[in-house]
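J.: Residues per chain are reported as follows:
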Amino acid sequence: MILKGKVFKFGDDISTDLIAPGRYFHLRSNLPEMAKHVLEDADTTFASKVQKGDFVVGGENFGLGSSREHAPTIIKLAGVSAVLAKSFARIFYRNAINVGLPALICDTDKISGGDELEVDLEKGEIKDLTNGVVLKFAPLPKAMIHILNDGGLIDHIQKHGDFKLD
Amino acid sequence: MGKTLAEKIIGKHAGKEVSAGEIVVVPVDVCLMQDGTAPLAIRQLQKINLEKAANPKRTVLFLDHAAPSPRKELSNDHITIRKFAEKTGCKISDVGMGICHQVIFEQYLNPGEILIGADSHTCTGGAMAAFSTGMGSTDVAIGIALGKTWFRVPETFKIEVTGQFQPGVYSKDLILYLIGLIGADGATYKSLEFTGDTIDNMSISSRMTLSNMAIESGAKAGLIQSDKKTKEFLQKWGRVSKYKELKGDEDAVFEKVIKIDASRLAPTVSFPHTVDNTKPINESLEIKIDQVFLGTCTNGRLEDIEIACQIIKGRKKNPKTRFIVVPASKSVFLDAMSKGYIKQLVEFGAAVLAPGCGPCVGVHEGILGDGENCISTQNRNFKGRMGNPDAFIYLASPATAVAAAVAGEIVDPREFIAKKKPKGRKVKTARRKRK
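So the protein sequences, as listed, match chains A and B.
Residues 1 to 166 in the numbering used here are what the first sequence spells out, letter by letter.
Residues 1 to 435 in the numbering used here are what the second sequence spells out, letter by letter.
Worth flagging that the hints you see were computed from the coordinates, not collected in a lab.
Among these hints, one or two may not hold up.
Stated by the list, open to error - The calculated DSBU-like cross-link candidates involving lysine-lysine, where the alpha carbons are at most 30 Å apart (straight line), are:
(1) A:K164 / B:K228
(2) A:K159 / B:K16
(3) A:K159 / B:K87
(4) A:K142 / B:K12
(5) B:K330 / B:K228
(6) B:K148 / A:K164
(7) B:K256 / A:K86
(8) B:K72 / A:K36
(9) B:K83 / B:K52
(10) A:K159 / B:K47
(11) B:K330 / B:K83
(12) A:K164 / B:K72
(13) B:K12 / A:K159
(14) A:K36 / B:K47
To be verified - For each label pair, taking beta carbons as the anchor points, the in silico distance ranges come out as:
(15) A:I2 / B:D251: 29 to 37 Å
(16) A:T130 / B:M1: 46 to 54 Å
(17) A:G161 / B:K339: 51 to 59 Å
(18) A:I2 / B:K236: 53 to 61 Å
Ideal placement from N, C-alpha and C gives every residue a C-beta, glycine not left out.
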């Protein structure tokens, strides 16, 4: 699958509190409404500017903190096609794959805010169409490829009735 | 070749010998969810008609994050959770019973077990020598329904702590120091295994503080061996038959060994807005404090309330600083009451609230105003954590936090605790002279 869109660039340590602030706790059962506040405490204009297909690009340790799966879910609901970062916090990474949001590990220093990207999930390649840079991203662990290919963990279990990770 | 504690517990469940890096599907013994994560998990199960629990007696749903509920939307989430429990036979730990990590530790978890929880601080259970880890709603939902989950067996960092803390220095200072040392992603995907005589001598409550904050270094688990103290804890809670002695092998493969001399540690403070932004107390002084919060799964236990009472004894609260206290569980609350601590705190001027997460998650019970500073015994100080992105959160031990309620600013708690010491020393010297 080829993903195409514009980059919204963030720094290191983007916590789930910045992505899905606790003050919107009461919207956890109304995710489309919560998605209007996605990443609000990192960039107040993000939610109003993001277009379908766009990329969230972070630095180190993206998604640290709480286990709230609402964080990757509202990023996805906002239309984001993939999150790219130098590294991810463990729970966020697993949650992202479980909800069918690709989380890709690459050297994001070479990508700037506003750049147009083309991401080839099968080839493991990111093309920055704005500056011509081509980046490789680390392949997902095999177990996670199975889950992502099925569309997330719920679809995976529905399809197989159990974990099928080999 | 020896095994780490993580490899031992996961291997036992997998029914084979496992090593770091392997991916295994294992049965889970205990599952927990809380009011912030359970509704999503329940909806996920409803989507695929899998609204059931493989082991309902050991699946516990906690109403603790927004409890009592401050909004109708959250009250409705509580209804969703209660209905699910009714339908599946899962246990409910209702409003006022306490924080999931504290209650699961008191009433459910045993050494050698696997606990998965839809809350990142589920790693608190590591202090029971149980492999306890936080996951998202969907992972835990599937774990509840199928009674199993998948893990990548983590590599282990051995954290070897020796020596005795100075008076006024606690396990909270140790874990803040460690996170400052290795960073907020220093142990991502790893298991921490705490060992050494400092840990051996530590109470279960203090050990829980260490395990609780393992996630703040990115770790998947923060494990501590079981021993006499674990056994006594289980005895107190009426399940000593579940005791099992478990420890990592000396000759296990550790990815890293970090040695810390506890006697050299000072009270430590995490500055806004990341947990690893730590400074020793002498570089943290004179910061004005608007709100002090004593509580949470990190430091809301009897031992912590006891320290607070030592600090406030005979002293007055600073009139410009508010002080919120939330016991971690009903049991802690009752113990603190019978020891007279609650009376002492209320007389001092603290607002003592029902057991639960309190203001830590930014939902209720002490949301900060613009530009305000809070010093808290909680585990996270991310921007916006306590409900306001324009406020500032400092993390510290109960002693350091509560000393600020007296001083109105961050001060060295050793000045409050060590007060009697010089007298004692003088007496000793005098005696020696007489000889």
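J.: Please go over all the hints and tell whether each is borne out by the structure.
T.: Going down the list of hints, with the structure as the test:
{"no.": "1", "hint": "A:K164 / B:K228", "result": "violated, 41 Å"}
{"no.": "2", "hint": "A:K159 / B:K16", "result": "holds, 28 Å"}
{"no.": "3", "hint": "A:K159 / B:K87", "result": "holds, 24 Å"}
{"no.": "4", "hint": "A:K142 / B:K12", "result": "holds, 24 Å"}
{"no.": "5", "hint": "B:K330 / B:K228", "result": "holds, 25 Å"}
{"no.": "6", "hint": "B:K148 / A:K164", "result": "holds, 13 Å"}
{"no.": "7", "hint": "B:K256 / A:K86", "result": "holds, 22 Å"}
{"no.": "8", "hint": "B:K72 / A:K36", "result": "holds, 20 Å"}
{"no.": "9", "hint": "B:K83 / B:K52", "result": "holds, 12 Å"}
{"no.": "10", "hint": "A:K159 / B:K47", "result": "holds, 13 Å"}
{"no.": "11", "hint": "B:K330 / B:K83", "result": "holds, 23 Å"}
{"no.": "12", "hint": "A:K164 / B:K72", "result": "violated, 40 Å"}
{"no.": "13", "hint": "B:K12 / A:K159", "result": "holds, 29 Å"}
{"no.": "14", "hint": "A:K36 / B:K47", "result": "holds, 24 Å"}
{"no.": "15", "hint": "A:I2 / B:D251: 29 to 37 Å", "result": "violated, 50 Å"}
{"no.": "16", "hint": "A:T130 / B:M1: 46 to 54 Å", "result": "holds, 51 Å"}
{"no.": "17", "hint": "A:G161 / B:K339: 51 to 59 Å", "result": "holds, 53 Å"}
{"no.": "18", "hint": "A:I2 / B:K236: 53 to 61 Å", "result": "holds, 60 Å"}
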